[in-house]
Amino acid sequence: MATLHHYPLCPHSRFIRLVLGEFGLEANLVEERVWERRRDFLEMNPAGTTPVFREDTGLTVPGAGPIAEYLDETRGLALAERRLLPEGPGPRVEVRRLLDWFSIKFNDEITAPLVLEKVMKRFMGREEGGGPPEMSAIRAARANVRYHLRYIAWLTAKRNWLAGSELSYADLAAAAHLSCVDYLGDVPWDEDET
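For the sequence shown, this note's numbering assigns the number 52 to the initial residue and increments by one for each residue that follows.
No wet-lab data here; the hints were simulated from the structure. Treat the hints with care, since some could be wrong.
Dumping the calculated DSBU-like pairs for lysine-lysine here, alpha-carbon to alpha-carbon at most 30 Å [to be verified]: (1) Lys-172 with Lys-209; (2) Lys-172 with Lys-156; (3) Lys-169 with Lys-156.
Simulated restraints, written as ranges between beta carbons of each label pair [stated by the list, open to error]: (4) Tyr-202 with Glu-87: 33 to 43 Å; (5) Arg-89 with Lys-209: 37 to 47 Å; (6) Lys-209 with Gly-181: 41 to 51 Å; (7) Leu-128 with Asn-79: 16 to 26 Å; (8) Arg-133 with Leu-80: 22 to 32 Å; (9) Gly-141 with Thr-111: 46 to 56 Å.
Owing to the predicted nature of the structure, the values given are computational and were not obtained by experimental measurement. Even for Gly, the Cβ is constructed at its ideal location relative to N, Cα and C.
Take these sequences, add in the hints, and give me the full structure.
Given below as structure tokens:
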């Protein structure tokens, strides 16, 4: 059985756990506290970030994007019409664009600051960057959520799914990020009708 090194509130890890679920794959879950910089983990992924997917064969795939691409290349055809990365360059570009939107823009502006300030700093020592939360970072992230929710609403008003007519990696990335932010109580669901 494959192994997934993850952190429960890491949106990139959540994304890959959702992907594995869509593929019907089980993996041993190993929780990584990346701020501890475990030597064995750094040997697998010198960047020291989660997720990291490791096959039974020993093949190690670090990073949500590379893992998603790897799973599509090795198991995507088995999903047939439920494939998470569609056929054709145009639809694939749109899925990848939105995947980047959530894994970079949404993460940098919302998920990463909220998870760091509200959760991770509690477990980190001062030398690792721990301490009390910076409320200005939390307020900025909360303000940014509204803009992103409006964009999601705009996309869903025009399409069945975020990137087109079928469920894709884009939808799972959005779900992963929104679930982290919602877990922390910072998604103003009642402010938008969509």
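Results for each hint:
1. Lys-172 with Lys-209: violated (39 Å)
2. Lys-172 with Lys-156: holds (22 Å)
3. Lys-169 with Lys-156: Holds, at roughly 19 Å.
4. Tyr-202 with Glu-87: 33 to 43 Å: The hinted range 33 to 43 Å holds for Tyr-202 and Glu-87, with Cβ atoms some 35 Å apart.
5. Arg-89 with Lys-209: 37 to 47 Å: holds (45 Å)
6. Lys-209 with Gly-181: 41 to 51 Å: Holds - the Cβ-Cβ distance for Lys-209 and Gly-181, about 43 Å, lies within 41 to 51 Å.
7. Leu-128 with Asn-79: 16 to 26 Å: Given about 25 Å between the Cβ atoms, the range holds.
8. Arg-133 with Leu-80: 22 to 32 Å: Given about 23 Å between the Cβ atoms, the range holds.
9. Gly-141 with Thr-111: 46 to 56 Å: Violated, since Gly-141 and Thr-111 (Cβ atoms, about 32 Å apart) do not stay within the stated range.
Consistency with the previously given hints fails for numbers 1 and 9, ordered from lowest to highest.
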